[in-house]
Amino acid sequence: MVKARIIPSLLICNDRCVKGIKFNNYSDVGSPVSSAKIYEAQGADELILINIKSEKINSKFIEMVKNISYECYMPLTIGGGIKSIEDMKKLFKSGADRIMINTIALKNPEIIQQASSEFGAQAVIVSIDYCYDSKKNPIITNNFVNFENSDPVKWANICEDLGAGEILFTCKDRDGTKKGLDLDYINKFSSSLDIPVVASGGVGTLDDIYQLFCLNKISGVGVGSLLNFSDQSIIKIHSYLKQKGISVRDI
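For the sequence shown, position 154 matches number 154 in our numbering, and the numbering has no gaps at all.
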């Protein structure tokens, strides 16, 4: 049985960890290296590190990835500011285990295929952010631009066909709200794919996470606010899921 993965997400802005609500109104929540060390000590299955404000991969971010990779042994997925295969190579050389792309994939879908051929599908994650339009239809959103009449499921199918090894699926409308995951649409989304899905956006309770792992083809959960703004921890999440019969990695 595939084990449920608990994946903290660190959003990086000006060399600090931040957390916002609906991709806005960010607050400082600590040091990236210190946060990564804490999450690893608690038993995180992986760490997502996203440079949210930089339009390119810069030397400071590269150095941060190196420092976290040196201090921690859990798998690192790195995204934000990736523009090319060369950027990906820099991140892998700095300690990334996997890279995650979003904007560049929308602009140039062929880069998914190129990256998959170069590094292997298992190392290429596509991040898809979505929100609901005025008619309550789910649409793709990226950098505060909503793609009217777009279909996140169709885009995910294209990404899979091009060689993506996994999808990170995030509901902007629920991001940072702790009001629960968008389970119905996540289930529709994951059921349409053969590759694993990591879902995020809205986790507010341990039961939210349990309900997510009851769905089809969910590989992991991305967690931010629950860990930053409550007394919950990855240890408690693992324990709760185990009690509920969900297979998790032994810590």
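These are computed hints drawn from the structure, not numbers from a lab.
Nothing here was measured: the structure is a model prediction, and the numbers come from that model.
Glycine residues also receive a C-beta, built at the ideal position from the N, C-alpha and C atoms.
Hints are supplied without guarantee of correctness; some may be wrong.
Stated by the list, open to error - Restricting the straight-line Cα-Cα distance to at most 30 Å, the calculated cross-link-like pairs of lysine-lysine (DSS-like) are:
#	residue 1	residue 2
1	K37	K53
2	K60	K90
3	K89	K3
4	K136	K90
5	K136	K3
6	K19	K37
7	K90	K19
8	K37	K242
9	K107	K83
10	K188	K60
11	K22	K53
12	K93	K135
13	K236	K217
14	K172	K135
15	K107	K172
16	K56	K93
17	K19	K89
18	K93	K60
19	K3	K188
20	K66	K37
21	K188	K178
22	K60	K89
23	K90	K135
To be verified - Estimated spans, in silico, between C-beta atoms of each pair:
#	residue 1	residue 2	range
24	Y70	D184	39 to 47 Å
25	V33	L183	18 to 26 Å
26	K107	N24	32 to 40 Å
Enumerate the violated hints, using their earlier numbering and listing them in ascending order.
4, 5, 10, 12, 23, 25, 26
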